[in-house]
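These protein sequence lines are chains A and B, in that order.
Residue numbering for the first sequence follows the working numbering, beginning at 10 and increasing consecutively.
Residue numbering for the second sequence follows the working numbering, beginning at 2 and increasing consecutively.
Among the clues, some could well be false.
Restricting the straight-line Cα-Cα distance to at most 30 Å, the calculated cross-link-like pairs of lysine-lysine (DSS-like) are [unchecked claim]:
{"no.": "1", "chain 1": "A", "residue 1": "K182", "chain 2": "B", "residue 2": "K81"}
{"no.": "2", "chain 1": "B", "residue 1": "K149", "chain 2": "A", "residue 2": "K634"}
{"no.": "3", "chain 1": "B", "residue 1": "K149", "chain 2": "A", "residue 2": "K181"}
{"no.": "4", "chain 1": "A", "residue 1": "K181", "chain 2": "A", "residue 2": "K497"}
{"no.": "5", "chain 1": "A", "residue 1": "K587", "chain 2": "B", "residue 2": "K170"}
What the hints contain is simulated information worked out from the structure, not anything from laboratory work.
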Amino acid sequence: MECLIIRVISSVVLFLGILQPVCAGMQVASEIVDIPFEQLLQTEVITAERLSRQISAAPSAVSVVTAQDIRTFGYRTLGDILSSMRGLNVSHDEDYGFLTGRGFANPNDYAGRISLLIDGYLAPDNLWGQIYFEHDGLIDVELIERVEYIPGSGSTSYGDSAFLGVINVVTKKGGDIGGVSVSAESGSHGWRRKRVSYGQRFENGLDFLLSVSALETSGRTLSSENREDFNPLFERQGNRRLFMKSSYRGWSLETGWLVRALKSPYDTVFDAEDRNGFLSLKHSADLGSSVRQTTHVYHGHYRYSLSSESSGGDWWGVDNKLVINLAQRDTLVLGMEYRDDYQQIQEIDGLRVFEMDRQTVSLYGYYDFSLADDLQATFGARVDSRGDHAATVSPRLALIYSPRPGSVFKGSVGMANRQPTAAAESAFANTAPERLRSAELVWEQSLGVSTRMIAAVYHYDLNNYNIGWWTDEETFESFENHRPLSAKGAELELEHLWDNGTRLKVSFAHQDTRTADSQTIINLPKNVIKLNLGSPVYGDNLRVGLGVRYVGRYLGWMETYDPGSLVADLTLSGEYGKWFGSLSVRNMANARYAELGYLAYYDGGTGRYGADGRNVWLQIGYTFK
Amino acid sequence: MKRVAAVVLSLTLFASSALAMAANAAQRVPEFAMKAVYLYNFAQLTNWPPRGEASDEPFNVCVFGGDEVFHALEALEGRKVNGHPLHSLQIEDAVAVRQCHLLFLGEDAGRRGRRLLDGLGDASILTVTDDPSLADSVAVSLVVTEGKRLAFDIKLGLAKGRNLALSSKLLRLANRVIVE
Numbered sequence: 010m011e012c013l014i015i016r017v018i019s020s021v022v023l024f025l026g027i028l029q030p031v032c033a034g035m036q037v038a039s040e041i042v043d044i045p046f047e048q049l050l051q052t053e054v055i056t057a058e059r060l061s062r063q064i065s066a067a068p069s070a071v072s073v074v075t076a077q078d079i080r081t082f083g084y085r086t087l088g089d090i091l092s093s094m095r096g097l098n099v100s101h102d103e104d105y106g107f108l109t110g111r112g113f114a115n116p117n118d119y120a121g122r123i124s125l126l127i128d129g130y131l132a133p134d135n136l137w138g139q140i141y142f143e144h145d146g147l148i149d150v151e152l153i154e155r156v157e158y159i160p161g162s163g164s165t166s167y168g169d170s171a172f173l174g175v176i177n178v179v180t181k182k183g184g185d186i187g188g189v190s191v192s193a194e195s196g197s198h199g200w201r202r203k204r205v206s207y208g209q210r211f212e213n214g215l216d217f218l219l220s221v222s223a224l225e226t227s228g229r230t231l232s233s234e235n236r237e238d239f240n241p242l243f244e245r246q247g248n249r250r251l252f253m254k255s256s257y258r259g260w261s262l263e264t265g266w267l268v269r270a271l272k273s274p275y276d277t278v279f280d281a282e283d284r285n286g287f288l289s290l291k292h293s294a295d296l297g298s299s300v301r302q303t304t305h306v307y308h309g310h311y312r313y314s315l316s317s318e319s320s321g322g323d324w325w326g327v328d329n330k331l332v333i334n335l336a337q338r339d340t341l342v343l344g345m346e347y348r349d350d351y352q353q354i355q356e357i358d359g360l361r362v363f364e365m366d367r368q369t370v371s372l373y374g375y376y377d378f379s380l381a382d383d384l385q386a387t388f389g390a391r392v393d394s395r396g397d398h399a400a401t402v403s404p405r406l407a408l409i410y411s412p413r414p415g416s417v418f419k420g421s422v423g424m425a426n427r428q429p430t431a432a433a434e435s436a437f438a439n440t441a442p443e444r445l446r447s448a449e450l451v452w453e454q455s456l457g458v459s460t461r462m463i464a465a466v467y468h469y470d471l472n473n474y475n476i477g478w479w480t481d482e483e484t485f486e487s488f489e490n491h492r493p494l495s496a497k498g499a500e501l502e503l504e505h506l507w508d509n510g511t512r513l514k515v516s517f518a519h520q521d522t523r524t525a526d527s528q529t530i531i532n533l534p535k536n537v538i539k540l541n542l543g544s545p546v547y548g549d550n551l552r553v554g555l556g557v558r559y560v561g562r563y564l565g566w567m568e569t570y571d572p573g574s575l576v577a578d579l580t581l582s583g584e585y586g587k588w589f590g591s592l593s594v595r596n597m598a599n600a601r602y603a604e605l606g607y608l609a610y611y612d613g614g615t616g617r618y619g620a621d622g623r624n625v626w627l628q629i630g631y632t633f634k
Numbered sequence: 002m003k004r005v006a007a008v009v010l011s012l013t014l015f016a017s018s019a020l021a022m023a024a025n026a027a028q029r030v031p032e033f034a035m036k037a038v039y040l041y042n043f044a045q046l047t048n049w050p051p052r053g054e055a056s057d058e059p060f061n062v063c064v065f066g067g068d069e070v071f072h073a074l075e076a077l078e079g080r081k082v083n084g085h086p087l088h089s090l091q092i093e094d095a096v097a098v099r100q101c102h103l104l105f106l107g108e109d110a111g112r113r114g115r116r117l118l119d120g121l122g123d124a125s126i127l128t129v130t131d132d133p134s135l136a137d138s139v140a141v142s143l144v145v146t147e148g149k150r151l152a153f154d155i156k157l158g159l160a161k162g163r164n165l166a167l168s169s170k171l172l173r174l175a176n177r178v179i180v181e
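If we strip away everything but chain A, and leave its shape as in the complex, we get (with noise of 0.2 Å):
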């Protein structure tokens, strides 16, 4: 351990000696202001960087990384954008990519509770009400062009996948691609990659983008030696993705596809394959100076199959939203959406051994007014009536203050619902929902120039949460099932810039989730720190990033801790003219340990799985104009 912190510091002091010639050269406004108006407007300017703002109107300590970000510190999936982020800790096993933050830990119930909104469309399945962000996720990085974590609930806007939180991806425009881009990569463990996308903007105001990307992977090497200790059972992967998206006018059509296959290493019986996409159009337009309309209608599917048996669900439905300008900057937003989850299906040789259809009615909308010229209130609230189930409510009332600028402090209270999935629905006894009261406060500070902190605590009662495994054939034990919990926590993150463009955030979450007798809850790690830096290393073109994740000890399956682990991550990227290369050395310390995952009876084993060891990748691009 002490080995492995020693080499990191190293690697950050070599890397900070290499950025100081370039801060040399800057000018300042009077060795400039004599020169010509006419000249300056033809004079370039350095951009500065910026501090990544939040897009999104929530009263929460949002997380945000940009599609600079996903380039400088080689990203290669989407879950390797949310283990950069603050607090959050990202598993895996065989198979599939697992969350883990802010009390919710537990990965026998997937990536669940947290939403994932890609151009806001929701993407979660029907079935399992889970997210997807490894190589089973819908979108390949390269589209992305921010994306945002909003802890806390979402479900006053969302409903009930966004019970703890959201994710929203908004990916790029044709336009921001400008032409014809292709690239390939390569990497350790057989990683093939290769992608074309098409994107441009048209005179007469047509977006269009287009892309196919397609992968090939001979899934992770353990990264300890001792492989007796972990799950030896590791498959090949590989998967297809479509994405296209136009906008014209007040219109925009957007879809995604995705297949990913498994291979497994004993028995090509247990050859799995993902299937997901999404088809959505949206139409917006002002009803007189003060009132905007957006209606979008969408579909959904997904399919998990392995050999005989096949699961998943189809969904589709509309949204109808009004926003509304009042009188000083006062804002009303009310919307209505009908949903109907038309099938939702486990299938054993064909044969349904469960089907379910549901439909959703919901309201909602929120009252965003001033209450004084510092002191701004938010109070929003959702009603979800689904099928034979009460109608449920989220309400949150935030109060948003900021005494000058570049001090914002945000206070919310909430409760949230989550109405069982109907997975969940088919293996458990109780289906009341699940119900979150939550508290947060929030403070933002701008310390001087282009220095940011951000700090919030928060506090989460949960009740009736519902998770629990298959302990053999017959039997479903469910873990924790209706006891209440209780999670506390702590958040800090420093942002930093330089002049010449260096950018340094460093986080720090604590967090704390208690059963009612006080017992700690699985796979969550008390501590979780996060750093990255990233600098230009020759003018705009070249880029170094350093990530380093450190995730402290956590319960296991087994009632036993494993221990925190430290991991680092270097990437040198750059660009030459219409090329664009990445190359990335991952957990360069090759630091050893185990992520937690499915426990699964038929395994027997220990739900641990070797984290990936150190391993390279190399991604090389050109953009055709």
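Once you've looked at the hints, dock chain B against the given chain A.
Same frame as chain A, but now just chain B:
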């Protein structure tokens, strides 16, 4: 495998440092210094209605929610604008804004910046911003073009409503002039 990774790592670091040494100070201007000098030029190319001020009274350039631009303006302190020494100040509220000749709203201005603009009435203040969300409500909005030049758009109606006379040179140099 370890050795390969170690070699790759060393090469990466070596290449980075070599390239960093080679980085030259290009003849380009940092964005915020450029924005400060633009504000100075806007002031030179605009006529304010007479306020009966003595010539030693300052020409006040106020900044709200734009720390970087305020910092850059400090280098121009005391330069003459229509005979008055330029003075830059950061303002916090609607009362302080009355003393401004030029008001710059930076990217941190946010909702309070909007309310500040709403409360200006017809005061003879040249309003400038680099925040796209405020661009509709100010006389001059700054925008960095794709060619990395700093351009500006003018809303003539908003300047005239405040009794400000923009010179023909300023209008000629603008990227766009919206008359309305």
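Legend entry - Earlier hints that do not hold, by number: 1, 4 and 5
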